[in-house]
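Chains as they are written, first to last, in this note's numbering: chain A, 1 to 377; chain B, 1 to 329.
Some hints here could point you the wrong way.
In silico contact screen, one side only, chain A against chain B (beta carbon under 10 Å); selected entries [what the hints assert, rightly or not]:
1. 19
2. 58
3. 62
4. 129
5. 130
6. 140
7. 142
8. 144
9. 146
10. 200
11. 201
12. 205
13. 207
14. 208
15. 216
16. 350
Subject to a maximum C-alpha distance of 20 Å in a straight line, what follows is the list of computed SDA-like cross-link-like pairs (lysine to any residue) [claimed, not checked]:
17. A/191 - B/300
18. B/141 - A/40
19. B/307 - A/191
The set of hints was computed from the structure by calculation and includes no laboratory data.
Heads up, the beta-carbon is just placed ideally off N, CA and C, and yes, glycines get one too.
Here is how the chains run, residue by residue.
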Amino acid sequence: MNENNKITEKNVIETEVAMGPVHSAAIEPYRVRLFVEDEMVKDAEITVGINHRGIERIMEGLPVEKANSLTEKICGICSNSHIWNSVLVAEKAIGIDVPERAQYIRVIMEELERLHSHLLYLAHGNEVLGHETFAMRIFYIRETVMELLRMIGGNRVQYGASIIGGVRPRCELDAMRIQKISEGMDIIEEKILDFADRFVSDPMIMSRITGVGVLTRKQAIELAASGPTLRSTGVETDLRTEMEAYEPFEFNVITQDDGDVKSNLLMRVLEIPEAINIIRQAIKHLPDGKITNRSWDMQDAPITKSYIEVPRGKLYHSYALEDGRVRNSIVRTPSIANIGAMQYAAVGHHITDAQLAIVQCDPCFTCTDRAIQIIKI
Amino acid sequence: MTAVNSLIAVIGTLLVALIVSVWLPGIERKFVHARIQQRVGPPISSAGIMAPLKFFFKQTINPNSPMPKLYNALPLISLLSVIFILLFLMPQLYALAALTSIIAIVGLLKIEEVIYMFMGSLSKSIMSLKMPFPDIVKGAKHPNTTRTFMEELSSLRAFRLIAFGSFPLYIALFIPVALSKSIYLSGIVNYQQIHGPILFTMAGVLGAIVFFIGYMILLNEYPFVILKTKADVIEGPLMEYAAKYRAYVYITRGFLMFVLASLFTTLFLGIPPNLFSWNILVTIAVALIFPILMAIMSAFSPIFTNKQFYPVVAGVSIIGILALVVSFL
């Protein structure tokens, strides 16, 4: 039945281990085919698109405020990133100035989100390693961040902080909230540093993750990997250094050299104190003034693009405006390139390490699925 | 009258073993794992009592097993093999001679291990079931591959555990044999009543350490559980057994914990399980201590992969052989 298929049978690998699209090993719907010989992975194929909702299609023709709100539903982890970037598109297109205080609050929300995303990644990574205790303890640390997000946005998952022209009044930071954030940062910093010490000094953990799932720098660049996945191979790139909102803040761009699971885990561990550092700077120098600029008029605009650095890498949003409604919306999440890169990272390792090699890029499958562009309907 | 007493002792000891064993998984999870992981944990009765009870009243679903009757019988056979080990450990049955020897115990333990392997290989989960059409979607890399099952992979690993991973336990079992110069349990127990417990000798201490590592491997506990690349997923027996069959798997695990503790007290302390002796409290204490120690070790360990598992097992086996040499000297 495969007569017309271009892949010749000469190259066919004998055994395949298939998982998914629905499998209890996978936290999200995706399909992994591992082609193995004597339990060594010779090739890997990851298929996404199973949970596609066509969110860009739903956004088509919606009033821009509603469309922005909808983007928050793309992802349950980086919801703030999506709505912020979507709002940025409209602000760029119309030319709206955002009050400085609102920019600071947006950065605080984004860095809090980075904290909880990285902590979730570390917990999940340890769970895949089979180290339940570390996983549970990191979830415990993450609770502090989740409660801070709930305090500011009123919700643990979707905060709806950014609106066109600033941030929602609900997300205004008063003295009590600033105090709580400050205390929260102290707690998280103390606990994450303690965890980092124990993590890197555990010989069993280190032997389990060192040299596993290696992605070379060349591969990462060729495959357009982004964010911590790219930085873990030694490429010093972070869109935050180019973003207007991050101009007032000083922070280091963390890189690692090896591109393996260890580098990816350490990337997140080391980025957490940097995020805490940014939040502390933001609450210390939080400017006075209003948090929303309402003096703007809706106008038509051609397709406008916006890139921001989110916890997993580079996030792209673009759309045009027509009578206050969204046209030709496209969303591209960093996971789609990072997941593709993991097909290469899994190859050459024992099948036991394959799942670990795949999840090292912090994949968000449903986030990626929802972002597939519908070319023809 | 003696026969009746013996019968009461055997049945009573079995009942005590069952009562204690159903609490062991709960103690392990609630008082050790959950405490270390700073969470509340499940109720103590959940893992060993409530879960099996619940499963007994659930509707059974059958996977696509090539031998469904054998597949369904395996959990019960496994449980019976473990019960027989306990029976042969009891002094009332030492008259059965060959059946109460170390060789018989090793054989029954091997049955339990082999069944564990078959539980995986015969299950054929729907999660990795071959689709009824060839994979010729656009971009598929290798459309004509033979698909294997996660459970088959698990089964292969269970085979490795049998072939390699159980070395430490079996070496440890033969240390009392070497010291007492008897393969019969009665001989080993009598030797210790005269010379004191083997545990308090150099060979005994080394043997106890090796026995404990073997105990963890046999119970498929972290970090030795190479069957699980991702927790609770690849392990064949827990993948597809449902309802009462799953309940048997759970009960067997708890029972095996108690039986291995009884084996330890018999071989290393000279205390066989016997309802009519206060020494049964020692057996119960060891049955409680072993899971607690195991849970502490497993709570701080990631799962070993093959490259970590083999050197550790080889190292422990060498310690076991050293203990054997010491016992001969």
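Quick rundown of the hints versus the structure:
1. 19: 7 Å, holds
2. 58: With Cβ-Cβ at 26 Å, over 10 Å, it is violated.
3. 62: 32 Å, violated
4. 129: 4 Å, holds
5. 130: 3 Å, holds
6. 140: 6 Å, holds
7. 142: 13 Å, violated
8. 144: 13 Å, violated
9. 146: 16 Å, violated
10. 200: At 14 Å from the nearest chain B Cβ, residue 200 of chain A fails the 10 Å test, so the hint is violated.
11. 201: Violated - the Cβ of residue 201 of chain A stays beyond 10 Å from chain B, reaching only about 12 Å at its closest.
12. 205: Cβ of residue 205 of chain A sits 6 Å from chain B, so the hint holds.
13. 207: 6 Å, holds
14. 208: 5 Å, holds
15. 216: Cβ of residue 216 of chain A sits 21 Å from chain B, so the hint is violated.
16. 350: 6 Å, holds
17. A/191 - B/300: 17 Å, holds
18. B/141 - A/40: Holds, because 17 Å separates the two Cα atoms, which is no more than 20 Å.
19. B/307 - A/191: 32 Å, violated
This entry does not satisfy hints 2, 3, 7, 8, 9, 10, 11, 15 and 19, going by the numbered hints stated previously.
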